[in-house]
Amino acid sequence: MPELSLNDWVAYALLVALFLIFIISYFIARARQKQGKAQAEAKTRLDAILHRSSERGEGIVIGLSEGDGARLGSLAGLTGLQTQAHVFRHSLISDVPPKAMAGEGSLALLSQQLNAGTYDGAAMPELFRMDSSALAGVENYAYLAGLLPELSRPNLSALVMQGELNPELILALDSAKRQGLDTVVASSSLSGQAASYLADPESALGEEAFLNQSTRPREKAGLDASLITLKIIRALIVVGLTVAVLLHFLGVLP
Amino acid sequence: MKKAVPLIVAVLSALLVMVGIFFREDLGGWVSVVLNWAIVLSSVALLVVLARLLFMHIGYITMGRQGFIYSLVAVLAFLFTLIAGFLFGVENPTFLKWIAGIIRPLETALLGLVAIVMASLGIKFFYERGWNALTISFAISAMVFLILGLGFLQAIDFPPLQRVIHVIEGLPMIGARGLLIGVALGAILMGVRVLTGVERPYDD
Amino acid sequence: MTDGLSMQKCPKCGKENLAYMTHCVHCGTALEAMFSFDGQIDLPENMPEEDVATLPFILEEMQSAPQLIEDDTTDKDEGNSEAQETDSDTPEWLKRVRKRAQAEEDATGRLTKSLNTMQERLEDDTKSDAESQYQVWLDDLREKAELKKAKQAERLKPSPKDEQGVPEWLRRIRALHPEDEGGEDFFNPDDEWTEEALEELRRKGLGDDYVPLKVLENKEPDEAPEDDEDEPDEPDEPEIEHNIPEDDLDLESTDVPRQEEAQAKPSEKPLSEETGFVIVGDVKLNPDEVFDTQVTEVSPNESDEGLPAIAKRALDADREAILQDLVILRGQHEKVALLKTLLSEEGRPLPGKNEEKVQKKDYSRLIIGLALIIILLLSIIFIPRHSSAKATVSVPQERFSRHLDMIDKDEKLLLVMSYSAASAPELEALAAPVLKQLDSQGLSWQAITLRMDGVWLAESLYQQAKLENHPAPVYVPGGQFAMLDMALNPKSDAEVDAKKAPKEEIPNLEDFDYVLLLTDSSFTVRGWLEQVAPNYPFLSTLAIISQKEAVAIQPYFASGQILAYLTGVGGLKEISLTAGINQSVYHVGLISMVLLLILGFLLRRVSDEQPKTEDGGQA
Numbered sequence: 000m001p002e003l004s005l006n007d008w009v010a011y012a013l014l015v016a017l018f019l020i021f022i023i024s025y026f027i028a029r030a031r032q033k034q035g036k037a038q039a040e041a042k043t044r045l046d047a048i049l050h051r052s053s054e055r056g057e058g059i060v061i062g063l064s065e066g067d068g069a070r071l072g073s074l075a076g077l078t079g080l081q082t083q084a085h086v087f088r089h090s091l092i093s094d095v096p097p098k099a100m101a102g103e104g105s106l107a108l109l110s111q112q113l114n115a116g117t118y119d120g121a122a123m124p125e126l127f128r129m130d131s132s133a134l135a136g137v138e139n140y141a142y143l144a145g146l147l148p149e150l151s152r153p154n155l156s157a158l159v160m161q162g163e164l165n166p167e168l169i170l171a172l173d174s175a176k177r178q179g180l181d182t183v184v185a186s187s188s189l190s191g192q193a194a195s196y197l198a199d200p201e202s203a204l205g206e207e208a209f210l211n212q213s214t215r216p217r218e219k220a221g222l223d224a225s226l227i228t229l230k231i232i233r234a235l236i237v238v239g240l241t242v243a244v245l246l247h248f249l250g251v252l253p
Numbered sequence: 000m001k002k003a004v005p006l007i008v009a010v011l012s013a014l015l016v017m018v019g020i021f022f023r024e025d026l027g028g029w030v031s032v033v034l035n036w037a038i039v040l041s042s043v044a045l046l047v048v049l050a051r052l053l054f055m056h057i058g059y060i061t062m063g064r065q066g067f068i069y070s071l072v073a074v075l076a077f078l079f080t081l082i083a084g085f086l087f088g089v090e091n092p093t094f095l096k097w098i099a100g101i102i103r104p105l106e107t108a109l110l111g112l113v114a115i116v117m118a119s120l121g122i123k124f125f126y127e128r129g130w131n132a133l134t135i136s137f138a139i140s141a142m143v144f145l146i147l148g149l150g151f152l153q154a155i156d157f158p159p160l161q162r163v164i165h166v167i168e169g170l171p172m173i174g175a176r177g178l179l180i181g182v183a184l185g186a187i188l189m190g191v192r193v194l195t196g197v198e199r200p201y202d203d
Numbered sequence: 000m001t002d003g004l005s006m007q008k009c010p011k012c013g014k015e016n017l018a019y020m021t022h023c024v025h026c027g028t029a030l031e032a033m034f035s036f037d038g039q040i041d042l043p044e045n046m047p048e049e050d051v052a053t054l055p056f057i058l059e060e061m062q063s064a065p066q067l068i069e070d071d072t073t074d075k076d077e078g079n080s081e082a083q084e085t086d087s088d089t090p091e092w093l094k095r096v097r098k099r100a101q102a103e104e105d106a107t108g109r110l111t112k113s114l115n116t117m118q119e120r121l122e123d124d125t126k127s128d129a130e131s132q133y134q135v136w137l138d139d140l141r142e143k144a145e146l147k148k149a150k151q152a153e154r155l156k157p158s159p160k161d162e163q164g165v166p167e168w169l170r171r172i173r174a175l176h177p178e179d180e181g182g183e184d185f186f187n188p189d190d191e192w193t194e195e196a197l198e199e200l201r202r203k204g205l206g207d208d209y210v211p212l213k214v215l216e217n218k219e220p221d222e223a224p225e226d227d228e229d230e231p232d233e234p235d236e237p238e239i240e241h242n243i244p245e246d247d248l249d250l251e252s253t254d255v256p257r258q259e260e261a262q263a264k265p266s267e268k269p270l271s272e273e274t275g276f277v278i279v280g281d282v283k284l285n286p287d288e289v290f291d292t293q294v295t296e297v298s299p300n301e302s303d304e305g306l307p308a309i310a311k312r313a314l315d316a317d318r319e320a321i322l323q324d325l326v327i328l329r330g331q332h333e334k335v336a337l338l339k340t341l342l343s344e345e346g347r348p349l350p351g352k353n354e355e356k357v358q359k360k361d362y363s364r365l366i367i368g369l370a371l372i373i374i375l376l377l378s379i380i381f382i383p384r385h386s387s388a389k390a391t392v393s394v395p396q397e398r399f400s401r402h403l404d405m406i407d408k409d410e411k412l413l414l415v416m417s418y419s420a421a422s423a424p425e426l427e428a429l430a431a432p433v434l435k436q437l438d439s440q441g442l443s444w445q446a447i448t449l450r451m452d453g454v455w456l457a458e459s460l461y462q463q464a465k466l467e468n469h470p471a472p473v474y475v476p477g478g479q480f481a482m483l484d485m486a487l488n489p490k491s492d493a494e495v496d497a498k499k500a501p502k503e504e505i506p507n508l509e510d511f512d513y514v515l516l517l518t519d520s521s522f523t524v525r526g527w528l529e530q531v532a533p534n535y536p537f538l539s540t541l542a543i544i545s546q547k548e549a550v551a552i553q554p555y556f557a558s559g560q561i562l563a564y565l566t567g568v569g570g571l572k573e574i575s576l577t578a579g580i581n582q583s584v585y586h587v588g589l590i591s592m593v594l595l596l597i598l599g600f601l602l603r604r605v606s607d608e609q610p611k612t613e614d615g616g617q618a
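From first to last, the protein sequence lines are chains A, B and C.
What the first sequence shows, in numbering that gives the first Met the number 0, is residues 0 to 253, in sequence order.
What the second sequence shows, in numbering that gives the first Met the number 0, is residues 0 to 203, in sequence order.
What the third sequence shows, in numbering that gives the first Met the number 0, is residues 0 to 618, in sequence order.
These are computed hints drawn from the structure, not numbers from a lab.
We treat Cβ as the ideally placed atom computed from N, Cα and C, and that holds for glycine.
Warning: the hint list may mix true and false statements.
[What the hints assert, rightly or not] Okay, derived cross-link-like pairs now, SDA-like style, lysine to any residue, Cα gap no bigger than 20 Å in a straight line: (1) B/Lys2 - A/Gln112; (2) B/Lys96 - C/Val135; (3) C/Lys143 - C/Leu93; (4) B/Lys2 - A/Leu240; (5) B/Lys96 - C/Lys465; (6) B/Lys96 - C/Ala464; (7) C/Lys465 - C/Asn488; (8) A/Lys219 - B/Gly196; (9) A/Lys33 - A/Asp46; (10) C/Lys408 - C/Pro470; (11) A/Lys176 - B/Ile122; (12) B/Lys2 - A/Met123; (13) C/Lys147 - C/Val135; (14) A/Lys176 - B/Ile115; (15) A/Lys176 - C/Ser363; (16) B/Lys96 - C/Gly27; (17) B/Lys2 - A/Arg217; (18) A/Lys230 - B/Gly177; (19) A/Lys176 - B/Gly196; (20) C/Lys465 - B/Thr93; (21) B/Lys96 - C/Ser363; (22) A/Lys219 - A/Asp7; (23) A/Lys176 - B/Tyr126; (24) A/Lys176 - B/Lys2; (25) A/Lys230 - B/Thr93; (26) B/Lys96 - C/Pro470.
[To be verified] Selected chain A positions facing chain C (Cβ under 8 Å, derived; list incomplete): (27) Phe18; (28) Gln32; (29) Asn139.
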């Protein structure tokens with residue numbers, strides 16, 4: 000057991016608080032769902048894109064993590080998988096089915112497995128196609144080289160990217176815009192967020208990169224609980240920092 | 000049961016790794032086993048997906064799909080690299096020179112393209128979004144840091160100016176710190192959601 | 000319970016059933032024949048149940064709607080009582096017409112009703128031979144037309160789908176309503192009456208008393224004379240939302256031009272505006288556009304004034320008949336409209352499918368790119384390189400140099416590489432002098448790479464650093480997992496010897512004093528600092544990182560987790576201060592960017608004065 004400093008204790012306390020708040024919020028959200036008191040679902044850009052693609056019979060390209068961030072242990076990549084599942088659940092019988100492009104082997108396999116499960120769960124396994132998820136490339140630029148041709152396919156509606164994405168993603172975004180596609184970007188990389196902001200003013204910033212969307216009760220409750228937890232923890236951090244600054248000036252803290 | 004098994008495996012693996020970090024002496028070996036499984040599985044997954052990618056491109060070629068010529072290039076390049084790697088070994092200097100000689104210019108050209116696209120989007124940024132608080136602050140901050148990057152102002156020997164420059168140069172770090180805290184919180188929450196089985200990216 | 004309701008007798012068992020029952024509740028015999036009208040097709044009894052189930056639910060629902068059933072029975076009752084009252088003095092032809100009208104009521108709709116009503120009102124006043132002949136003639140013609148339709152429908156094979164994939168139920172409906180197909184004229188002159196012909200016939204029949212309905216409807220309220228006290232004031236009728244069926248003739252005239260207009264310009268309007276059911280792009284649908292809720296208002300108190308009594312009575316009766324006919328639920332109207340849409344849209348391509356997206360021809364990027372390249376090329380060619388150019392030294396830069404100088408030759412350094420080929424020129428320019436200095440100090444160091452391409456990228460780095468025969472970096476797969484594995488399970492020398500593994504391939508972090516991260520991704524730095532560094536507090540971390548990611552590691556530098564770092568053009572102090580980059584050219588590049596930003600800022604002012612153009616917009 001390593002020795003713990005004051006910083007460590009603060010960090011662990013914050014972690015425990017976050018865990019507890021999340022669990023409580025989650026159960027409250029589930030209870031509200033069961034009582035039918037859950038908040039009306041907000042319409043997001045992704046919803047708009049899904050509706051439009053359904054109406055026009057067009058497909059969606061989903062970009063998962065790439066580069067260093069796509070390697071094992073990327074939580075942002077897992078979030079992207081959830082978004083992918085949401086898109087596929089709403090486009091099961093689309094004329095042009097969505098396609099997910101991953102930047103790492105295990106992510107691509109997980110993506111395929113998830114798609115197979117989605118179609119299977121909807122009692123239409125025969126519609127699942129192996130190429131609904133594919134490996135675009137294993138490093139940043141190889142990934143781009145694999146993704147860009149996909150954006151040139153006809154009958155596409157949007158490019159949805161979520162995961163650990165480097166600033167090179169701006170090439171894909173720019174290409175998508177030039178093809179007339181809508182774009183939704185959520186990168187957990189700071190430089191990726193900066194670059195995507197330049198191309199898309201509504202791209203996710205900070206913790207938003209880890210917020211996915213779902214209409215399933217369990218995941219929806221998890222998302223609601225996450226939002227509540229984030230608000231509370233952010234408030235706690237702000238208060239904590241303010242107190243620390245005051246204590247510093249009062250000479251209590253070094 | 001079908002859904003419970005992956006959930007149990009995922010939660011137990013995550014808990015073992017977490018506990019192993021705190022009790023390294025006792026559980027380090029077990030954690031290492033789990034991590035190595037994950038690494039091996041990941042490597043195998045990469046092989047499988049690469050094979051799938053190859054067959055997909057071969058399928059495109061045999062079908063004569065529009066743009067199959069690119070698939071042909073991809074398959075030939077793949078086979079060439081694979082065979083050359085097996086024949087000469089991945090540490091052969093000639094082989095490495097060949098690979099680097101192809102990849103470096105390609106990627107550098109793409110990076111140059113990124114720079115040009117960013118410059119272009121920097122202009123379009125104002126054109127498309129107009130003048131508002133956000134775009135104006137973006138313009139000012141971008142120009143200030145570009146001018147600071149020139150280093151002319153730092154060369155002026157005027158202490159108050161240097162202090163101002165020092166404060167300005169610290170601003171990006173403040174923003175980055177705020178974003179990093181947010182990213183960290185989001186990542187932890189995602190971890191908690193996976194750990195508690197609320198999110199199951201491995202299952203649907 | 001059944002008092003007041005009309006009943007029917009089962010032809011098999013003879014017991015009574017409700018009038019609208021399709022099967023006998025006592026013996027199960029089909030009673031549908033009693034409800035059939037001319038042109039209706041009886042499905043074969045051995046038809047699979049699935050096929051029957053595919054008949055449009057719309058028709059089912061309309062047939063089973065309680066309002067309609069009540070109306071039907073009421074109409075029948077009224078008709079029966081009237082028939083009994085006037086049975087003695089009613090001419091033969093009228094009996095035939097009434098009988099016919101009762102049977103055809105659902106099929107022919109308002110036309111029959113209005114004619115019947117008109118006939119009833121006229122019977123006392125204008126019993127002329129010409130009129131009776133007209134009615135008989137009209138009935139004969141209608142009967143022939145319906146029979147023709149029925150024959151057409153019967154000729155269809157009972158196969159579920161034809162060659163074009165049109166299902167059977169659809170073909171049956173088409174056979175019954177041929178006028179709906181292919182945008183043909185609404186009334187086929189072969190088997191139906193045109194509006195003008197009917198008007199002409201009425202004029203002939205009514206003589207001078209005839210007033211065209213169009214005139215009545217279009218008559219301005221101002222022009223109407225004062226209320227006729229002889230006529231009882233009718234209560235204000237509630238406004239009924241309806242989508243007037245095309246079968247209706249009298250008031251159809253207001254809708255026909257609209258329909259013709261829509262058919263005339265199919266390509267000019269998005270599909271949604273034509274059909275109201277498919278939204279294309281950003282088209283916002285107004286419910287009023289989707290459903291024809293524009294009721295043709297005929298005020299009973301105003302527009303009827305000044306008319307002959309007979310015309311008024313005819314009009315009132317006509318209105319009554321119309322209203323009875325229009326008591327249809329809104330939902331049913333919607334479904335009927337949907338069915339019509341489906342029929343009319345069949346075979347057409349889906350909206351958006353194969354639709355050419357407007358790709359903007361934007362040459363601004365090309366111009367900007369070319370301008371930047373030309374400016375930089377010219378500055379590289381014409382501006383001499385000043386090696387003595389004074390460059391400022393940043394704090395991390397200075398610290399890096401200081402730490403490098405402080406490293407003792409007995410200490411060991413682990414070089415962790417993770418960068419792409421695109422970043423290689425930038426990072427090699429910074430790292431090569433560092434490696435060169437380490438080598439000159441006699442320091443022992445080992446390299447690993449977290450990326451596959453690091454193996455061949457290292458070759459170039461070593462060449463620049465003039466390192467000969469230095470072992471290539473070891474590829475460690477697994478990303479953060481590999482880092483954590485290294486941190487949690489260090490392999491001692493004894494363990495390595497026992498496994499007979501090549502020693503240089505398994506780095507033991509306990510053997511090292513410094514770690515130098517050479518990367519173009521802040522993710523690698525974060526991963527190292529989060530997974531590895533907390534387990535090895537004695538390891539000092541240095542970094543060389545590409546400029547695009549430098550900001551992301553500044554907080555770690557400020558907190559002391561990274562001792563120092565090099566980035567961008569800030570190389571090692573006094574050895575490679577400008578990282579091999581021509582400082583003047585670098586300045587030209589920065590100034591170009593400033594000018595571009597100003598240009599963009601000013602361009603906005605110009606575009607503000609121009610009207611905004613819609614380009615589809617964001618989702």
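Now the hints, each set against the structure:
1. B/Lys2 - A/Gln112: holds, 13 Å
2. B/Lys96 - C/Val135: Roughly 100 Å separates the two Cα atoms, so the pair is violated.
3. C/Lys143 - C/Leu93: Between C/Lys143 and C/Leu93 the Cα gap is close to 19 Å, so the pair holds against 20 Å.
4. B/Lys2 - A/Leu240: Violated, because 43 Å separates the two Cα atoms, which is more than 20 Å.
5. B/Lys96 - C/Lys465: holds, 16 Å
6. B/Lys96 - C/Ala464: Holds - the C-alpha atoms of C/Ala464 and B/Lys96 are around 17 Å apart, at most 20 Å.
7. C/Lys465 - C/Asn488: violated, 34 Å
8. A/Lys219 - B/Gly196: holds, 13 Å
9. A/Lys33 - A/Asp46: Cα-Cα ~24 Å, so violated.
10. C/Lys408 - C/Pro470: Status holds; Cα separation ~19 Å.
11. A/Lys176 - B/Ile122: holds, 16 Å
12. B/Lys2 - A/Met123: holds, 19 Å
13. C/Lys147 - C/Val135: Within the cut-off at roughly 18 Å; holds.
14. A/Lys176 - B/Ile115: With Cα atoms ~16 Å apart, A/Lys176 and B/Ile115 stay inside 20 Å; holds.
15. A/Lys176 - C/Ser363: With a Cα-Cα distance of about 15 Å, the restraint between A/Lys176 and C/Ser363 holds, given a limit of 20 Å.
16. B/Lys96 - C/Gly27: violated, 89 Å
17. B/Lys2 - A/Arg217: holds, 14 Å
18. A/Lys230 - B/Gly177: Given that 20 Å is the threshold and the Cα spacing comes to 14 Å, the pair holds.
19. A/Lys176 - B/Gly196: violated, 37 Å
20. C/Lys465 - B/Thr93: holds, 18 Å
21. B/Lys96 - C/Ser363: Given pair B/Lys96, C/Ser363 is violated - Cα atoms ~37 Å apart, limit 20 Å.
22. A/Lys219 - A/Asp7: violated, 32 Å
23. A/Lys176 - B/Tyr126: Judged against 20 Å, a Cα distance of about 15 Å means the pair holds.
24. A/Lys176 - B/Lys2: violated, 40 Å
25. A/Lys230 - B/Thr93: violated, 57 Å
26. B/Lys96 - C/Pro470: holds, 16 Å
27. Phe18: With a minimum Cβ separation of about 18 Å from chain C (threshold 8 Å), the hint on A/Phe18 is violated.
28. Gln32: Interface hint status for A/Gln32: violated (27 Å vs cutoff 8 Å).
29. Asn139: holds, 5 Å
Hint compliance for this structure: hints 2, 4, 7, 9, 16, 19, 21, 22, 24, 25, 27, 28 are not met, and every other hint is.
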